[in-house]
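I would like the entire structure built from these sequences, with the hints used as guidance.
Sequence order for the protein chains is A and B. Numbering follows my numbering, in which position 182 of the first sequence is assigned residue number 193; successive positions increment by one, without gaps. Numbering follows my numbering, in which position 88 of the second sequence is assigned residue number 99; successive positions increment by one, without gaps.
To be clear, the hints were calculated from the coordinates, so they are not data collected in a lab. Where hints are given, some of them may not hold.
A partial selection of chain A residues facing chain B, derived with a Cβ cut-off under 8 Å [stated by the list, open to error]:
hint, residue
1, Pro405
2, Phe406
3, Ser517
4, Tyr521
5, Gly537
6, Trp563
7, Ser592
Glycine included, every Cβ here is placed at the ideal spot set by N, Cα and C.
Number of protein chains: 2
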Amino acid sequence: MPRLRLALAQTNPVVGDFARNAAGIVDAVRTARARGADLVATGEMAISGYPIEDLASRPSFLRTARAAVERLARTLDDEGLGDVAVVVGHPDGPFAPRPVDVSTAPTAIAKNCASVLQHGRVVATTAKHHLPNYSVFDEYRVFIPGDDLLVARIADVDVAVVICEDLWRDGGPVARVLGADAGLLLVVNASPWVADKDEVRLPLVTRRATESDTVVAYVNIVGGQDDLVFDGDSVVVDETGRVVARAPQFREHLLLVDVDPAPATGPVVTEHVQRVSLDTPNTTPGELAGRPPLPRDVAELPDDRQAIWDALVLGTRDYVRKNGFRSVVLGLSGGIDSAVCAAIAVDAIGAEHVFGVSMPSRWSSTHSRSDADDVAARLGLQYRTEPIADLVAPFDAQLGLTGLAAENIQARVRALILMGLSNLDGHLVLTTGNKTELAVGYSTIYGDSVGGFAPIKDVPKTIVWALARWRNAAAASRGETEPIPENSISKPPSAELREGQEDQDSLPPYEVLDAILEQYVTRAQGAADIVAMGFDAATVAEVTRLVDRSEWKRRQGAIGPKTSGMAFGRDRRLPITYRPSPTIDG
Amino acid sequence: MPRLRLALAQTNPVVGDFARNAAGIVDAVRTARARGADLVATGEMAISGYPIEDLASRPSFLRTARAAVERLARTLDDEGLGDVAVVVGHPDGPFAPRPVDVSTAPTAIAKNCASVLQHGRVVATTAKHHLPNYSVFDEYRVFIPGDDLLVARIADVDVAVVICEDLWRDGGPVARVLGADAGLLLVVNASPWVADKDEVRLPLVTRRATESDTVVAYVNIVGGQDDLVFDGDSVVVDETGRVVARAPQFREHLLLVDVDPAPATGPVVTEHVQRVSLDTPNTTPGELAGRPPLPRDVAELPDDRQAIWDALVLGTRDYVRKNGFRSVVLGLSGGIDSAVCAAIAVDAIGAEHVFGVSMPSRWSSTHSRSDADDVAARLGLQYRTEPIADLVAPFDAQLGLTGLAAENIQARVRALILMGLSNLDGHLVLTTGNKTELAVGYSTIYGDSVGGFAPIKDVPKTIVWALARWRNAAAASRGETEPIPENSISKPPSAELREGQEDQDSLPPYEVLDAILEQYVTRAQGAADIVAMGFDAATVAEVTRLVDRSEWKRRQGAIGPKTSGMAFGRDRRLPITYRPSPTIDG
Numbered sequence: 012m013p014r015l016r017l018a019l020a021q022t023n024p025v026v027g028d029f030a031r032n033a034a035g036i037v038d039a040v041r042t043a044r045a046r047g048a049d050l051v052a053t054g055e056m057a058i059s060g061y062p063i064e065d066l067a068s069r070p071s072f073l074r075t076a077r078a079a080v081e082r083l084a085r086t087l088d089d090e091g092l093g094d095v096a097v098v099v100g101h102p103d104g105p106f107a108p109r110p111v112d113v114s115t116a117p118t119a120i121a122k123n124c125a126s127v128l129q130h131g132r133v134v135a136t137t138a139k140h141h142l143p144n145y146s147v148f149d150e151y152r153v154f155i156p157g158d159d160l161l162v163a164r165i166a167d168v169d170v171a172v173v174i175c176e177d178l179w180r181d182g183g184p185v186a187r188v189l190g191a192d193a194g195l196l197l198v199v200n201a202s203p204w205v206a207d208k209d210e211v212r213l214p215l216v217t218r219r220a221t222e223s224d225t226v227v228a229y230v231n232i233v234g235g236q237d238d239l240v241f242d243g244d245s246v247v248v249d250e251t252g253r254v255v256a257r258a259p260q261f262r263e264h265l266l267l268v269d270v271d272p273a274p275a276t277g278p279v280v281t282e283h284v285q286r287v288s289l290d291t292p293n294t295t296p297g298e299l300a301g302r303p304p305l306p307r308d309v310a311e312l313p314d315d316r317q318a319i320w321d322a323l324v325l326g327t328r329d330y331v332r333k334n335g336f337r338s339v340v341l342g343l344s345g346g347i348d349s350a351v352c353a354a355i356a357v358d359a360i361g362a363e364h365v366f367g368v369s370m371p372s373r374w375s376s377t378h379s380r381s382d383a384d385d386v387a388a389r390l391g392l393q394y395r396t397e398p399i400a401d402l403v404a405p406f407d408a409q410l411g412l413t414g415l416a417a418e419n420i421q422a423r424v425r426a427l428i429l430m431g432l433s434n435l436d437g438h439l440v441l442t443t444g445n446k447t448e449l450a451v452g453y454s455t456i457y458g459d460s461v462g463g464f465a466p467i468k469d470v471p472k473t474i475v476w477a478l479a480r481w482r483n484a485a486a487a488s489r490g491e492t493e494p495i496p497e498n499s500i501s502k503p504p505s506a507e508l509r510e511g512q513e514d515q516d517s518l519p520p521y522e523v524l525d526a527i528l529e530q531y532v533t534r535a536q537g538a539a540d541i542v543a544m545g546f547d548a549a550t551v552a553e554v555t556r557l558v559d560r561s562e563w564k565r566r567q568g569a570i571g572p573k574t575s576g577m578a579f580g581r582d583r584r585l586p587i588t589y590r591p592s593p594t595i596d597g
Numbered sequence: 012m013p014r015l016r017l018a019l020a021q022t023n024p025v026v027g028d029f030a031r032n033a034a035g036i037v038d039a040v041r042t043a044r045a046r047g048a049d050l051v052a053t054g055e056m057a058i059s060g061y062p063i064e065d066l067a068s069r070p071s072f073l074r075t076a077r078a079a080v081e082r083l084a085r086t087l088d089d090e091g092l093g094d095v096a097v098v099v100g101h102p103d104g105p106f107a108p109r110p111v112d113v114s115t116a117p118t119a120i121a122k123n124c125a126s127v128l129q130h131g132r133v134v135a136t137t138a139k140h141h142l143p144n145y146s147v148f149d150e151y152r153v154f155i156p157g158d159d160l161l162v163a164r165i166a167d168v169d170v171a172v173v174i175c176e177d178l179w180r181d182g183g184p185v186a187r188v189l190g191a192d193a194g195l196l197l198v199v200n201a202s203p204w205v206a207d208k209d210e211v212r213l214p215l216v217t218r219r220a221t222e223s224d225t226v227v228a229y230v231n232i233v234g235g236q237d238d239l240v241f242d243g244d245s246v247v248v249d250e251t252g253r254v255v256a257r258a259p260q261f262r263e264h265l266l267l268v269d270v271d272p273a274p275a276t277g278p279v280v281t282e283h284v285q286r287v288s289l290d291t292p293n294t295t296p297g298e299l300a301g302r303p304p305l306p307r308d309v310a311e312l313p314d315d316r317q318a319i320w321d322a323l324v325l326g327t328r329d330y331v332r333k334n335g336f337r338s339v340v341l342g343l344s345g346g347i348d349s350a351v352c353a354a355i356a357v358d359a360i361g362a363e364h365v366f367g368v369s370m371p372s373r374w375s376s377t378h379s380r381s382d383a384d385d386v387a388a389r390l391g392l393q394y395r396t397e398p399i400a401d402l403v404a405p406f407d408a409q410l411g412l413t414g415l416a417a418e419n420i421q422a423r424v425r426a427l428i429l430m431g432l433s434n435l436d437g438h439l440v441l442t443t444g445n446k447t448e449l450a451v452g453y454s455t456i457y458g459d460s461v462g463g464f465a466p467i468k469d470v471p472k473t474i475v476w477a478l479a480r481w482r483n484a485a486a487a488s489r490g491e492t493e494p495i496p497e498n499s500i501s502k503p504p505s506a507e508l509r510e511g512q513e514d515q516d517s518l519p520p521y522e523v524l525d526a527i528l529e530q531y532v533t534r535a536q537g538a539a540d541i542v543a544m545g546f547d548a549a550t551v552a553e554v555t556r557l558v559d560r561s562e563w564k565r566r567q568g569a570i571g572p573k574t575s576g577m578a579f580g581r582d583r584r585l586p587i588t589y590r591p592s593p594t595i596d597g
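See the structure below:
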């Protein structure tokens with residue numbers, strides 16, 4: 012007979028919208044209670060959204076967050092849900108600032124917390140101990156670390172509560188779980204997705220379960236927040252390491268499971284452990300006494316290509332919706348990048364809200380125009396053609412533009428068309444550049460780079476092709492029209508800004524280029540190291556030079572969903588002003 | 012009889028250019044030795060430039076840096092300068108990474124170091140203990156903290172060496188100086204300038220001197236690096252707190268001074284203290300034995316307005332030069348912002364390298380055109396007029412642009428002109444927006460915001476006016492032509508994108524606006540707090556709404572020199588996707 016019915020609320024919060032986020036939690040608790048749950052847990056910062064960045068340094072934001080948590084406790088009780096124990100993630104503060112220098116700069120005055128609510132009250136609060144300050148995370152900047160482990164007793168089980176990064180580090184709270192008599196380790200997370208993250212996250216959860224002989228319940232938020240996509244993938248693993256429940260990725264879900272952790276026997280470690288006792292709703296008589304059995308709820312993960320696609324779709328949808336847009340506009344060149352972005356946008360918000368514009372020039376090939384028409388027809392999106400010749404010619408004539416200037420003006424005139432349509436009709440402009448282009452600066456700033464969101468900015472060109480083929484195959488397998496024209500996939504890529512131009516005139520083959528970029532950008536290897544791996548020295552020198560000198564363009568680029576371990580943006584912070592030295596003394 | 016002749020080398024490094032930076036240090040040591048110095052010190056990271064950001068996580072960069080320091084030691088010796096003790100700032104590594112999660116993200120593998128060089132060798136190395144991770148600093152992200160205090164004995168004086176932030180914190184190395192028998196505290200810095208920073212920096216140096224009864228020598232780098240301007244202002248304070256030497260702000264300088272610290276008597280504290288003994292060049296016979304006396308070298312600081320101006324000029328000049336540009340181009344509207352930016356550019360790189368473009372539209376007033384002509388004439392810059400009517404009309408006609416779309420297209424056509432001229436002639440484009448505009452989004456993205464550098468992006472509108480008046484007065488006092496037309500200063504500001512438009516139609520008076528922004532942006536106060544200070548509630552609501560919704564524009568904006576305690580950019584990291592809540596429960 013399982014001891015505890017647990018519900019993990021995998022919600023999709025909006026940063027700052029406490030009322031909406033709290034309402035979603037109330038809904039989850041209502042459903043969970045109706046299904047007999049004793050304990051409901053949300054992800055990290057589920058009431059505020061995550062990451063809140065420097066909002067954590069605003070006293071007014073923190074006061075609002077604290078009030079929102081207290082109000083949530085009261086609301087749950089007012090709605091007859093107060094007997095359920097609810098663990099909710101939230102920022103807390105303001106606390107006395109950690110001393111820094113005399114600057115007026117943001118200062119850590121907040122903690123990254125999880126609180127237990129019951130019977131209308133905040134029963135206990137714990138704070139994240141390990142503050143990630145690498146990759147996209149700046150938590151050491153804005154948070155003060157916690158120093159205790161919260162253990163809440165419910166249904167005779169000691170439930171230890173830790174937050175996200177605390178699970179990943181061997182020291183700190185997780186170490187105390189071993190000695191704290193906990194039967195259940197509840198981990199409250201806001202863990203952004205990157206490709207293959209499940210290959211490390213689940214093994215970690217499993218290892219923690221077996222090494223501490225506890226059931227581990229891992230609850231994550233879901234949804235897009237600027238450049239991050241949270242995938243959910245909340246999971247419960249028993250003390251033998253077996254997955255007993257798993258939520259789907261990339262959508263909201265309420266995951267219910269009965270668990271049977273070892274009952275509390277008495278603590279071995281008491282230092283830095285905060286203990287509270289909770290009522291157990293289902294040990295008292297009442298409507299929940301005869302609990303219906305739960306169906307097994309263990310989601311299958313999508314394959315690698317689908318996971319990327321789903322992440323891009325969710326990231327795009329949430330950027331559009333959470334920022335109050337209803338529609339997007341993008342240029343359709345007939346090439347692979349814009350076709351893939353259009354398909355993502357249609358999957359995200361529906362073809363009726365996606366506006367494609369073909370903007371042919373004197374250099375545009377017949378196939379470009381027909382491929383753009385074909386994409387629009389296959390996706391059924393809103394479509395118009397705006398030739399640019401009559402808009403470009405006056406610039407060429409007045410300014411005497413030649414060479415690169417004459418090439419770029421075409422891309423920039425297209426930008427003005429898209430921004431004009433955006434201003435007229437309120438569309439969000441999507442920019443369609445891929446990671447490879449962004450890396451080497453193979454784009455026109457204030458031209459094809461304009462837009463508020465860049466769906467494939469963290470997808471290398473070689474993966475863009477693979478995604479196109481995957482998406483077509485998925486459509487075919489469902490008997491649907493393949494969204495990407497075969498010709499857009501198979502033809503040689505070209506910016507078509509001059510006669511007969513092809514990308515491969517200026518760049519190495521994309522397979523080579525992406526392999527070098529993987530080393531230089533993602534793995535931070537130096538040029539000499541990359542040459543030592545067997546790449547052509549002149550090619551490596553040229554590629555690294557292009558990457559370095561494009562930093563200023565990237566800095567002014569739109570955000571887009573992170574899919575890799577090293578996305579351009581806050582994941583990779585490099586100076587613009589930088590003169591790389593040849594290696595000194597080898 | 013002073014015991015020690017000290018030289019502080021206030022150099023202007025370029026990030027990554029080890030050979031150039033080292034050559035500058037060799038030059039400084041050569042001059043210092045010729046003038047009889049025993050000990051020469053550079054600023055923090057003087058050999059690599061600062062900040063190096065995630066370059067600190069590249070093993071190849073660190074290997075190059077280590078080789079550069081070793082080569083510098085050998086070069087000094089080879090050039091007959093090896094008897095002088097040289098303290099140089101540099102990154103060091105790679106070290107074993109500080110454990111983080113499984114991401115491939117940058118990981119701290121470096122230390123922020125200072126080494127003592129003598130006789131061709133690296134005699135000792137110490138690492139920065141306190142790693143700033145607030146404001147513009149991300150040092151906890153990329154560095155591993157040091158854990159010892161270096162004490163180098165020279166001329167019978169114990170010289171304690173600490174690095175920048177270590178001076179600001181009461182614990183750590185500075186606390187050990189008290190017990191370490193040091194007569195001289197040498198602080199190696201890369202301390203960026205902000206307005207009024209001297210009002211806290213010098214008192215801190217003075218307090219350290221008196222509280223530890225040591226001479227304090229504070230050496231800072233100088234120069235622009237992306238959005239930061241290092242002002243130098245290297246200073247030496249004796250144990251009574253008296254300033255005995257001070258370098259000028261905003262330029263390179265070699266500061267020599269004779270000091271007479273208490274001789275070493277023997278350490279009280281030995282734990283976490285690394286001790287080395289150095290030769291003293293001037294206690295041995297030789298060319299330096301009969302040292303000429305030094306003139307007093309105590310620079311006066313510029314007044315507040317001049318300090319801002321000098322910082323903007325240096326930041327602009329160094330961005331241009333360090334990035335390999337020879338010239339800049341900017342639009343001249345006849346308004347105050349573009350006039351001030353043009354004057355900064357001329358002061359930075361000379362009128363012959365500054366290209367101004369007047370781009371009148373059908374809405375441009377007669378005074379706009381004549382004021383633009385007047386600015387160009389007063390500054391003597393390169394000037395042309397490119398009317399936009401014939402470029403705008405085809406867009407209006409083809410797309411049926413009206414309202415905001417028709418206003419924005421004008422600003423965007425101007426952007427295409429400037430970018431076209433940049434592509435043709437290799438100019439860097441300067442964008443002329445001020446901090447107030449940037450805060451409330453009162454600009455056209457991909458229009459007047461285009462450019463690689465934004466000289467006044469951290470200068471509020473009210474200060475732009477003050478700077479213009481100051482610069483004119485400075486010119487008048489030297490008998491020069493006042494660079495800014497009086498009419499550009501005194502007329503009501505207007506974007507002139509429609510008939511009769513004035514800024515104050517859409518915005519509160521700039522005095523009120525800047526006062527609200529000071530609270531909301533710089534001091535991170537909430538709207539309710541600002542209303543409680545006495546500002547009009549509707550105005551506060553509107554201003555904070557405008558600031559919040561302009562985040563995506565700011566994120567795509569050019570960098571420019573930080574002048575305040577809270578500049579837009581990495582100083583203030585906020586989500587784009589953010590729905591501010593009304594305060595809950597008050």
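Which of the listed hints are not met by the structure? 3 and 4
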